[in-house]
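If you want the building blocks of each chain, they are given just below.
Number of protein chains: 2
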Amino acid sequence: MKPQDIEDLSFRIIDEEAGDHGFDEQKWSIVRRMIHTSADFDYIKSVRFHPEALQKGIDAIKNGCTIITDTNMARVGIRKKEISRFGGDVRCLIADENVARQAIEEKTTRALAAVDIALPFIENGIYVVGNAPTALLRLIEHVKAGKVMPALIVGLPVGFVNAAESKDALMELDIPFISNKGRKGGSNVAASIINALLIMADSSEKPK
Amino acid sequence: MKPQDIEDLSFRIIDEEAGDHGFDEQKWSIVRRMIHTSADFDYIKSVRFHPEALQKGIDAIKNGCTIITDTNMARVGIRKKEISRFGGDVRCLIADENVARQAIEEKTTRALAAVDIALPFIENGIYVVGNAPTALLRLIEHVKAGKVMPALIVGLPVGFVNAAESKDALMELDIPFISNKGRKGGSNVAASIINALLIMADSSEKPK
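Quick mapping for you: the protein sequence lines, in order, are chains A and B.
For the first sequence, my numbering gives the first residue as 1, with consecutive numbering after it.
For the second sequence, my numbering gives the first residue as 1, with consecutive numbering after it.
These aren't lab readings, by the way, just hints derived from the structure by calculation.
Virtual Cβ for every residue (Gly too), placed ideally from N, Cα, C.
Each hint should be verified, as a subset may be incorrect.
Stated by the list, open to error - Negatives, chain B to chain A, calculated, CB over 10 Å:
(1) Asp20
(2) Asp59
(3) Gly64
(4) Ser84
(5) Asp89
(6) Arg101
(7) Glu106
(8) Asp116
(9) Gly146
(10) Met149
(11) Asp174
(12) Ser203
Unchecked claim - With a straight-line Cα cutoff of 20 Å, these simulated SDA-like cross-link-like pairs (lysine to any residue) come out:
(13) Lys81/A <-> Lys81/B
(14) Lys81/A <-> Lys2/B
(15) Lys2/A <-> Lys107/B
(16) Lys81/B <-> Asn72/A
(17) Lys80/A <-> Ala100/B
(18) Lys2/B <-> Lys80/A
(19) Lys2/B <-> Ala103/A
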């Protein structure tokens with residue numbers, strides 16, 4: 001079987017087992033890819049979309065926006081060839097020298113310093129958090145302070161300390177987000193959301 | 001909270017909620033990290049260890065072995081600084097030019113060609129499959145044919161087509177493996193297993 005045939009068959013299996021999930025076609029194309037990446041049907045119940053999330057995300061990608069990720073795992077999980085075709089790029093600053101220096105100077109973590117240093121790139125861009133609740137909380141802080149407004153925030157930190165809480169804080173905001181309830185998430189699932197949006201941007205479909 | 005404090009608290013929460021899991025200390029340090037990465041307690045039931053897996057994996061890392069991953073996500077998820085300290089390295093050949101060329105010449109996939117081209121590096125090394133069942137099946141084929149014997153195979157492909165079957169095929173072999181039953185897995189979880197082994201290698205503890 002070719003990779004595309006395997007993906008098609010996987011999607012048919014997911015469709016069948018998911019049954020009547022209640023998502024429209026566009027949202028299901030995202031949730032289905034999250035399940036494809038994780039083999040975890042829990043996302044059907046836990047995922048949350050801000051009403052403008054898909055449109056804003058697709059438009060931003062089409063406009064060649066910068067995508068910032070909190071981890072290199074999320075960065076390498078995003079299809080760069082398609083992003084480049086739109087003139088965009090994907091960056092992760094966690095291993096950046098300036099981030100390391102600022103974290104030491106300000107006695108903070110690299111995860112926090114990476115958000116602060118990314119601010120100039122996030123305006124109208126997409127911020128992807130697949131790992132660090134502290135990064136998502138810092139980003140929310142900047143948004144609330146009016147310092148920055150991303151086109152879309154994909155908030156999928158995973159874990160046992162503040163992951164669920166940071167996502168709840170995101171979902172209280174009236175700004176474009178894709179996120180989920182609870183502890184689950186991860187860089188792989190976060191990247192899969194961007195890849196689903198990319199495919200929609202590529203096929204030039206608009207969210208319904 | 002500092003990152004290390006967050007990890008420590010996460011581990012205490014996992015310990016508490018997992019209850020009486022039945023793993024010894026060494027194995028639990030691996031399963032706990034898989035749960036930490038995925039927030040998914042299912043791994044307690046699904047994970048499988050070949051009896052020699054931990055010892056062989058730790059020894060290989062200490063000997064500075066090469067670790068080959070099937071995805072760049074798994075590669076960047078592995079702590080390279082610690083690997084380098086032992087003299088080892090982590091490589092993923094999926095985007096290698098030779099792999100792309102051979103896939104075209106032999107009318108196969110890059111995932112398969114990447115395994116074939118990796119053979120010289122795998123002997124006594126560690127092979128990590130976090131995504132592609134076809135890669136794991138190809139590796140098993142080479143092992144059965146006596147062409148190569150890795151020190152350890154971490155087999156954690158995820159998905160709906162052949163992931164579970166490829167892992168079942170691995171677990172039938174009497175060679176060092178860490179794997180799991182079912183569809184779940186992924187590059188992030190696979191990388192977490194190597195990181196747990198790294199920490200054990202680093203603390204110079206031997207499996208009990």
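Practice item. Mind verifying the non-interface call on Met149/B? Its CB should be farther than 10 Å from each CB in chain A. Key: Met149/B is indeed farther than 10 Å from all Cβ atoms of chain A, at 28 Å.
Exercise for review: Measuring Cβ to Cβ, find out whether Arg101/B lies farther than 10 Å from everything in chain A.
Suggested key: holds (17 Å)
Check your understanding: Going straight from one Cα to the other, do Lys2/A and Lys107/B come out at no more than 20 Å?
Key -> holds (10 Å)
Practice item. Just double-check Asp59/B for me: nearest Cβ-Cβ distance to chain A has to come out over 10 Å. Key: holds (27 Å)
Point to revise | Nearest-CB test (10 Å) between chain A and Ser203/B | key: The claim stands: Ser203/B keeps its Cβ more than 10 Å from every Cβ of chain A (closest is about 23 Å).
Review point. Are the Cα positions of Lys2/B and Ala103/A separated by 20 Å at most?
Key: holds (12 Å)
Review point. Does Gly64/B sit more than 10 Å from chain A, CB to CB?
Key: Non-interface label stands for Gly64/B: nearest chain A Cβ at 23 Å, farther than 10 Å.
**Study point:** Non-interface label on Asp174/B, tested against every C-beta of chain A at 10 Å
**Key:** holds (27 Å)
Point to revise | No chain A beta carbon within 10 Å of Asp89/B's | key: At roughly 17 Å from the nearest Cβ of chain A, Asp89/B sits farther out than 10 Å, so the non-interface label holds.
Exercise for review: Quick one: work out the minimum CB distance from Asp20/B to chain A and report holds if it exceeds 10 Å, violated otherwise.
Suggested key: Label holds. Min Cβ-Cβ 19 Å, cutoff 10 Å.
Review point. Against chain A, does Ser84/B keep a CB gap of more than 10 Å to every residue?
Key: With a cut-off of 10 Å, Ser84/B remains clear of chain A, as the shortest Cβ separation is near 14 Å.
Check your understanding: Is the straight-line distance between the alpha-carbon of Lys2/B and that of Lys80/A 20 Å or less?
Key -> Cα-Cα ~32 Å, so violated.
In this structure, the hints that do not hold are numbers 13, 14 and 18, in rising order.
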